[in-house]
Structures are given as structure tokens and as C-alpha cells.
Amino acid sequence: MLKKDTYDVVIIGSGPGGLAAAVEAKKEGAQDVLVIERDTELGGILLQCIHNGFGAEIFNEDLPGPSYAQRYIDESLALGVETLMDTIVLEVTPDRKIFASSKLHGFVEITARAIVLAMGCRERTRAMIQIPGMRPAGVYTAGTAQRFVNIEGKMPGEKVVILGSGDIGLIMARRLTFEGAKVERVCEILPYLSGLTRNYVQCLQDFDIPLQFRHTVKFIYGKDRVEAVEIAEVDDKWKYIPGSEEMIPCDTLLLSVGLIPENELSRQAGVELDPITGGPYVDESRQTNVPGIFAAGNVVHVYDLADWVTLAGYEAGKGAARYAKAIRARESDHIPVIAGKNVHHVVPQTINKRNLENEEIELQLRVLKPIEERTLIEVHDGKNQITRKVARYVRPGEMNTIVLKPRHFADIEKASSITVEVNPR
Amino acid sequence: MVEKRTLICVSCPVGCELTVTLDEGKIVEVEGNSCKLGIDYAEQEIFDPRRMVATTVKVKNGYHPLVPVYTEKPVPKPKIFDILAEVRKVEVEAPVKVNQVIIENVLDTGINIIASRDLPKA
Numbered sequence: 001m002l003k004k005d006t007y008d009v010v011i012i013g014s015g016p017g018g019l020a021a022a023v024e025a026k027k028e029g030a031q032d033v034l035v036i037e038r039d040t041e042l043g044g045i046l047l048q049c050i051h052n053g054f055g056a057e058i059f060n061e062d063l064p065g066p067s068y069a070q071r072y073i074d075e076s077l078a079l080g081v082e083t084l085m086d087t088i089v090l091e092v093t094p095d096r097k098i099f100a101s102s103k104l105h106g107f108v109e110i111t112a113r114a115i116v117l118a119m120g121c122r123e124r125t126r127a128m129i130q131i132p133g134m135r136p137a138g139v140y141t142a143g144t145a146q147r148f149v150n151i152e153g154k155m156p157g158e159k160v161v162i163l164g165s166g167d168i169g170l171i172m173a174r175r176l177t178f179e180g181a182k183v184e185r186v187c188e189i190l191p192y193l194s195g196l197t198r199n200y201v202q203c204l205q206d207f208d209i210p211l212q213f214r215h216t217v218k219f220i221y222g223k224d225r226v227e228a229v230e231i232a233e234v235d236d237k238w239k240y241i242p243g244s245e246e247m248i249p250c251d252t253l254l255l256s257v258g259l260i261p262e263n264e265l266s267r268q269a270g271v272e273l274d275p276i277t278g279g280p281y282v283d284e285s286r287q288t289n290v291p292g293i294f295a296a297g298n299v300v301h302v303y304d305l306a307d308w309v310t311l312a313g314y315e316a317g318k319g320a321a322r323y324a325k326a327i328r329a330r331e332s333d334h335i336p337v338i339a340g341k342n343v344h345h346v347v348p349q350t351i352n353k354r355n356l357e358n359e360e361i362e363l364q365l366r367v368l369k370p371i372e373e374r375t376l377i378e379v380h381d382g383k384n385q386i387t388r389k390v391a392r393y394v395r396p397g398e399m400n401t402i403v404l405k406p407r408h409f410a411d412i413e414k415a416s417s418i419t420v421e422v423n424p425r
Numbered sequence: 001m002v003e004k005r006t007l008i009c010v011s012c013p014v015g016c017e018l019t020v021t022l023d024e025g026k027i028v029e030v031e032g033n034s035c036k037l038g039i040d041y042a043e044q045e046i047f048d049p050r051r052m053v054a055t056t057v058k059v060k061n062g063y064h065p066l067v068p069v070y071t072e073k074p075v076p077k078p079k080i081f082d083i084l085a086e087v088r089k090v091e092v093e094a095p096v097k098v099n100q101v102i103i104e105n106v107l108d109t110g111i112n113i114i115a116s117r118d119l120p121k122a
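Sequence lines, in order, name chains C and Z. Residue numbering for the first sequence follows my numbering, beginning at 1 and increasing consecutively. Residue numbering for the second sequence follows my numbering, beginning at 1 and increasing consecutively.
Excised from the complex, chain Z in its bound form (with noise of 0.2 Å):
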């Protein structure tokens, strides 16, 4: 059976309008996209679609009462709310540097929560 879908690859400000052709489930045709990372986005997004979550942690006597964190790579789209309800246990002490791992392997992903900032002691 053949499908068409259409998508818009978010991989980059672009925005391509993405047409995918499906026969009997496989991919045999992409067709809108500018450039290589279209076809691995729609490879991706019928297959195991994935996002970056980008949220905030607690800190101890930090600058700011939060420091802002996000996955190191995207992670599965069904995910994503089970991601941020454990970074909304964690609560880290100041300082926090600039890629400080905050969750490592969350929720066995593979994929690592890191920090987006430094953040000073207050």
C-alpha cells in the first residue's frame, strides 16, 4: 500500500514542507526538502519521532532560583513528559557550570541532561 505524508522538518529555522512517499511501511520518497537532514529528519520523525526539551532545575543558593537545563540530543517525542517530571525532582547546589550533567542516562534514554549556563553562588 502506498501512503503520502506530509511534515515540516524542524531541524534547522528553514522549515521545509516535507512529502513522504510510504510503500507497505518503508520510506521510498522524500520529496521538499533543501538539503541531507530532511531525509534523516523524516526517517526519524515516521519512525521514532524525537525532540530537544529544553526546561529548568532547581538550585540550591544560586544566582537565580533556577538554572536552565535541556538534553544533550533529542529525545523520544512520547517521552517527553515522564523526561520533565524526573528533572522536577532534581535540585542541584550552586555553582552549576556550563554543560554540568544534571541527569546522567535519563530514564535510560542514552541521553544526558546537561546545564545551559553558568550559575554563580548567589
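Chain C extracted, bound-state conformation (with noise of 0.2 Å):
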């Protein structure tokens, strides 16, 4: 079981949106915060980002993307974030209660007094851009492939073709070149980089990779493994210009051709995507239109730096943070109605003191046992009484009240709790 089922604010997902959100929810205040995260591990994508480049804007540093995740992991875990890992999150609802499976806890139910989404984005694959051909293995996304080469130290292949100039794609054609494989081309159907200049300067241009742009991937050929693309030339419209096919012998095509947000979630949560984006609207603190539920990182557009994905969960932190605050600050209103000596039962069996400010309470009550004299029906905090009432006698078959006024709201302000008794005189 979880040390607890309810937090101040939940974060889902531990890439650099996540870990920001935990350390900044922390820092305004919420008591409680937990991360889940479906890896084993803190850090998402960082992790097997390993290139340099991180902290520019933030540390005024340059750093690899582990030893970036590493000071918001430790940071995170210094300030007493929680976290819950290998647990994959099923679904969130509208009033922010969240179903996960876990590895080491089963099926968990946490209730969240504030959500920050951040589960980051999707590559695009193959199928979701229909590159025609045939179906060996080897066509592989950029960012599996970076996963497979420096996490789990596995090529993915020799001879390489990178379809699409985004930076994933830019960054691995470095990376498999440091490896020892070859990386024929890349191809860019627009006639612009999709990635970072200084990363078409310092992954291609530095190797003499070639780069070409206005080509894709016509056909990919290769019974059990990939064994050639055939490339070709398009024009304005993305059709293919007759003459300009080229077939580049390969074993592995990457592909680095964008990504999707992941809002499978937040779907199911009532949050209302942006066609446009394919994340949450969400206003200046980054909250969607589900209050509560914030959202922050690659979940709600596509960042080019993780710098600035930290800065948006930072918004998003102090949101929640805020948001949780104030509905602990409501739950602190309301004050339980405690039946004390000689009484059964009271209703209402809680209050909400601040309406105690504008407007009466009537307390109704009925006794134990009866009292055949006058009769002393009491309200106290535990220590200092609040209010009285005289009554010529008390029967369990008549009901009493007792009325709360504005003017006890000050004796009330502090209570956690008040109780109503009956004695006799």
C-alpha cells in the first residue's frame, strides 16, 4: 500500500516538465508532492539525451541531458518529493482522482488536490506518415534508436538513412557516426532544417554527412532486414519528381519526422485539446480548462529546448501548488460537529465556519437521556465555550436547537472542531 491516497499535487511523468513542477510545487508550499513515472528510473528523455546542450538558459552552462535531469532529481529529492515508479498511470478523472497499476503496489487510487500533466510527446512513426514499401526490420524511430545505443548499448544497425532533419535525427547521425556506422543521408522533405542550426553544424557538416532537402523516402526495400531505400526529389506539392529516384543500400532507415503530444490522458480527464498544438489550452499558469488539472512541457506544444520545458513546469508547479493550497485552505473550513455528553447525535454533522461570517447555523440535536429541570445545551471548542442555551428540560423524543451567530465566528475562526453537550443547570 502508499504511505498515503491523497496529495497536495500530483505530477505524472519525470522528464524535465515533470521534475520542475515537483521542485517548484515544493518551493510554493505544497506539502505533499508525488511524482509517477513509468520508467524505473527519474529523468524521462533526458536520459538517453547524452549529447550536450542542456542549461544554457538555466545554468548558463553546457550540459549533457543526464547531468541536467541529475540536479532536478537530486533537487527534487532534497526538498521531499515522493515518488512512485514503474507505474504506469491508467486514468485520470475531471475531480482529480488517479487509477495506476504499479509494479511493486498493484492497482493504486490517489486523490490529487492538484494535477500537473506532464507526460511529454510522441515520436511519429512510420505508419502515421505511411512511407510505402515493403516491412523488414530495421525502420526505427530516431529516439528508440537513441535509447537502444546509449542506454542500453545495442546498434541498431551499419549502414544508415535518416528520413526527416529533426534534431533527435541530427543528434543520432553524431551518434552512430562516433559508433563506427556509416550515415549515408539524411533526407528533409521541406526545403528548410526542421532541427537547430548549430546541430545541422555540429552533427553533419562537422562528418560530411550529406544533407539533402526536398527528399523523402519513396519505397523501402528488404525481406527480413531493410536493405535499401529508394529517395527521391519533390516538388511544392510533396510529389514525387519523375527522374529524381535514387536507391541508397542500407540496413536500418530513422526516422525523425516529428512529435505528438501525449494526451491520452488528459482526454480522459475532460481536457480540451488544441487542434492546432495537439496539447491542453491551458492559461499563464499553465492550467487547462479542467481546474486543477495543469499541464506543462512537450504534453501541451513541442519545445525545441529542455531549458525551456523546465521554465514552463516551474509555471505549472507554482499553479498546482497554489490551487492545491487554496483547496486545503477550504478544507480547513469546514470543522466536524462532535455530539459530546448526553447528546446522540447533531446535524449538521460538519459546517463550513466561514459562513458562520454572514449568516446563522442552526445546530439540531437530540439528547440521550432526558433531564427533568433546567437544563444548560452548550457549544465549545474543547476549551472555551462558544455559546449556551437554557432549556426547562430535555427528552431524546423532543429535538433541540442551538443557533450559531456572526458574532461567534471570531471564537469559531481557530476551532478544528466544536462540540455540543447537555447538563443539567
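Rather than coming from a laboratory, the hints here were simulated on the basis of the structure. Incorrect hints may have been included.
[Stated by the list, open to error] Simulated DEER-style distance windows between Cβ atoms:
#, chain 1, residue 1, chain 2, residue 2, range
1, C, Phe107, Z, Asp108, 53 to 61 Å
2, Z, Pro95, C, Pro210, 21 to 29 Å
3, C, Thr6, Z, Glu43, 56 to 64 Å
4, C, Glu245, Z, Lys121, 48 to 56 Å
5, C, Glu246, Z, Lys121, 30 to 38 Å
6, Z, Glu43, C, Glu230, 39 to 47 Å
7, C, Phe207, Z, Asn99, 46 to 54 Å
8, C, Phe409, Z, Pro95, 56 to 64 Å
9, Z, Cys35, C, Ala127, 19 to 27 Å
10, Z, Glu43, C, Thr277, 28 to 36 Å
Where is the CB? At the ideal position from N, CA and C, for every residue including glycine.
Reconstruct the complex from the two isolated chains, following the hints.
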């Protein structure tokens, strides 16, 4: 079992957005902050981004992805952020319940005062861009290949063609070159680069890897394994230009053809998505249309830099902590009304003491035993009397009432409960 | 002899396109930069081009078979593949701590190769 079932802020995902939200939520005064991560380690995709280029905006340093993640992992744990690893969230409800399946705890149900969605994005696949051809092994998204090479120590192939000039594709062109593969070609269907210019310089130009704009893969050949790809030039309408075809022998095709925000959970929670970005509509605190549900990072729209994801995570974490604190304050305004000595029950069983500022609250009670003499009905906060009234007698068969008035608000404001007692005078 | 060269600054993600004017092999003007880093980059790139190198090192008994590492500072571009070959020879024992020195003064560059994360034992 989990230690707790209610948290101030629950964050789904532990990439740069999720960790920044966790750190900021704690700093903003959220008491319990939980990060749920489906992998067995914190850090998200930063862990496989071993190249430098992280931290320029935030630390004014040039760090590799894992070092950048490590700073936020260390900081969040030092601040007391709790984690639930190896856990996949199955559903988020509009009233902020989270259902998840955890390796360690089995099925878990958690209630959050505020939620930050930080699930990041997914890579577009071959099926999504419908590349024609045979269906051999050896076609990977660039990020999958990145995980193979940088974390699992496996090479996807030796002769590689990369489709798309997104940053992960450019980074992987260099990485595979470092590991001894030959990157034959990078093809980009657009007439311009999709990734950052500096990645073109330091990943392709430095190693004489040819890049062709307005080119795409027309057909994938190979029975069991990729044997070649046919590439072709396209016109403005992305139609193949006849006669431009070229056959490139290779054993691997990497796809770096775009990222899509991952919002299956958001949709279930009733979060409205912007058809343009594919992510939730958010306000400046990164709150979605569902009150108390925030979203930050690549789940909202795809960023160029992890540093910017971190900054968005800070906003969401701050917003979520403030929302949670407001709910917590409202919860603490509700105090129980306790049936004390010689009282069978009181209705209402709880009161919102804030309401007493402006209006009366009538407490209805039934006594346990009759008292056939002048009787004191008394309301106290455990120490001090708040109000009292005298009855000529009390009997279980006859309901009694006592009224709290706005002038009692000052006495009740700090109380965590009130008790009604009935005693002979 | 006056010569113009164009470079793209890789100091930060902005990627300014620099035009460098050289006279008798000396830089007389840098244009297109948006900050001082661009001028330093032009100087460096023309006379001693350097790059950060990030790769992985084999780990014994680690949570993963590899730990990511990088050069603390940019290293001379012509030495990149020699440095990678050096790194490939190394195997470290888990646990590894972030910033732990994996190779000191790699190939006499005066630059250390350090780990970029904690890696616990398996």
C-alpha cells in the first residue's frame, strides 16, 4: 500500500517538465508532492540525451541531458518530493482521482488536490507518415535508436539513412558515426531544416554527412531486414519528381519526422485539446480547462529546448501548488460538529465556519437521556465556550436546537472542531 | 590578403551566422554575432576548432550496461575519433557518481572525461 492516498500535487511524468513542476510545487508550499513515472528511473527522455547543449538558459552551462536531469532529481528528492516508479497511470478523472498500475503496489487510487500533466510527447512513426514499401526490420524512430545506443548499448545497424532533419535525427547521425556506423544520407521533405542550425553544423557538417532538402523516402526494400531505400526529390506539393529517384543500399532507416504531444490521459480527464498544437489549452499558470489540472512541457506543445520545458514546468508547479493550498484551506474551513456529553447526534455533522461570517447556522440535536430540570445546552471548541442556552427540560423524544450567530465567528475561526454538550444547570 | 569566411556559432541554441573577415590570417572583423560568445567562437573555430564530445563507457555490474560520459571542455576537433577510441577501451565498476572522472587528461589534452549521471549497482 502507498503511504498516503491524498496528495497536494501529483505530477504525471518525470522528464524536465515534471521534475521542474515538482521542485517548484514544493518551493511554493505544497505539502505532499508525488511524481508518478512509468520507467524505473527519474529523468524521462533526458537520460538518453547524452549529448551536450542542455542548461544554457537556466544554468548558463553546457550540460549533457543526464547531468541536467540529475540536478533536478537531486533537488526534488532533497525537497522531499515522493516518487512512484514503474507505475503507469491508467486514468485521470475530472475530479482529480488517479488510477494507476504499479509494479510494487498493484492497483492504486490516489486523490490529488492538483495535478500536473507532464507526459511529454511521442515520435511519429512510419505508419503515421505512411512510407510505402516492404515491411522489414531495421526501421526505427530516432528516439528508439537513441535509447538502444545510449542506454542499452545496442547498435541498430551499420549503414543508415535518416528521414527528417529534426534534432533527434541530427543528434543520432553524429552518435551513430561516433559508434562506427556509416550515415549515408539525411533526407528532409521540407526546403529547410527542422532542427536547430547548430545541430546541422556539429552533427552533419562536421562529419561530412550529406543532407538533401525536398527529398523523401519513396520505398523501403528488404525481406527480413532493410536492404535499401529509394529516395526521391519532391515538388512543392510533395509529389515525387520523375527521374529523381536514387537507390541507397542500407540496413537501417531512422525516422525523425516530428513529435506529437501525448494526451490520452488528458482527454479522459475532460481536458480540452487545441487541434493546432495537439496539446491542452492552458492559461498563463498552465491550468487547463479542468480546474486543478495543469499541464507543462511537450505535452502542451513541442519545445526546441529542455530548458524551456523546465521553465514551463515551474509555472505549472507553482499554479498547482497554489490551487492545492486553496483547496486545503477550504478543507480546513470545514470542521466537524461533535456530539458531546448526553447528546445522541447533531445535524449538520460538519459546518463551513466561513459561512458563519455572514449567516446563522442552526444546530439540531437529540439528547441521550431526559433531564427533567433546567438544562444547559452548550457549544464549545474543546476549551472555551462559544455559546449556550437554557432549556426548561430536555427529552430524547423532543429535538433541540441551538444557533451559532455571526458574532460567534471570531471564537470559532481557529477551532478545528466544535462540540455540543447537554448538562443539568 | 583579405578573406571572408562564414561560420555558424554553436555556442548556444541561437546559432548565429557569423561573417569573419581575415587579413593576412588575422581576424579583423566578426559580424552577425548577437553576443561576445560569437567573437570567441569565431577566433576558436578558425584557429583551433573544438567540440564537446559525449559518448558512453562500459560499466561492470551497473544498473545499465553503460554510463554516459562527456568531455569537461571542448576538445580539438581533429582528436575526436582518437578520444572516442580511448573511451572505448575503458570499463568502470558500478556504482558511478555524476561528475566522477572516468579518464583524466585524455590524450594529453588537459581535459578530463567525466560521468554525466549517477549509475547505481545492478
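Cβ separation of C/Thr6 and Z/Glu43, checked against the hinted range 56 to 64 Å
58 Å, holds
With respect to the beta-carbon atoms only, verify the hint that C/Glu245 and Z/Lys121 lie 48 to 56 Å apart.
Cβ of C/Glu245 to Cβ of Z/Lys121: about 53 Å, so the range 48 to 56 Å holds.
Within 28 to 36 Å or not, the Cβ separation of Z/Glu43 and C/Thr277?
41 Å, violated
CB-CB spacing for Z/Asn99 and C/Phe207 relative to the 46 to 54 Å hint:
28 Å, violated
Range first: 53 to 61 Å. Now tell me if the beta carbons of C/Phe107 and Z/Asp108 are that far apart.
Holds, since C/Phe107 and Z/Asp108 (Cβ atoms, about 58 Å apart) stay within the stated range.
Does the Cβ-Cβ separation between C/Phe409 and Z/Pro95 fall within 56 to 64 Å?
59 Å, holds
Taking the CB of Z/Pro95 and the CB of C/Pro210, does the distance hold inside 21 to 29 Å?
42 Å, violated
Could you tell me whether the CB distance from Z/Glu43 to C/Glu230 stays inside 39 to 47 Å?
45 Å, holds
For Z/Cys35 and C/Ala127, compare the CB-CB distance with the range 19 to 27 Å and indicate the outcome.
With a Cβ separation near 44 Å, Z/Cys35 and C/Ala127 fall outside 19 to 27 Å, so the hint is violated.
Distance restraint evaluation - C/Glu246, Z/Lys121, Cβ atoms, bounds 30 to 38 Å:
Since the Cβ atoms of C/Glu246 and Z/Lys121 sit about 49 Å apart, the hinted range of 30 to 38 Å is violated.
When the structure is compared with the earlier hints, violations turn up for hints 2, 5, 7, 9 and 10 and for no others.
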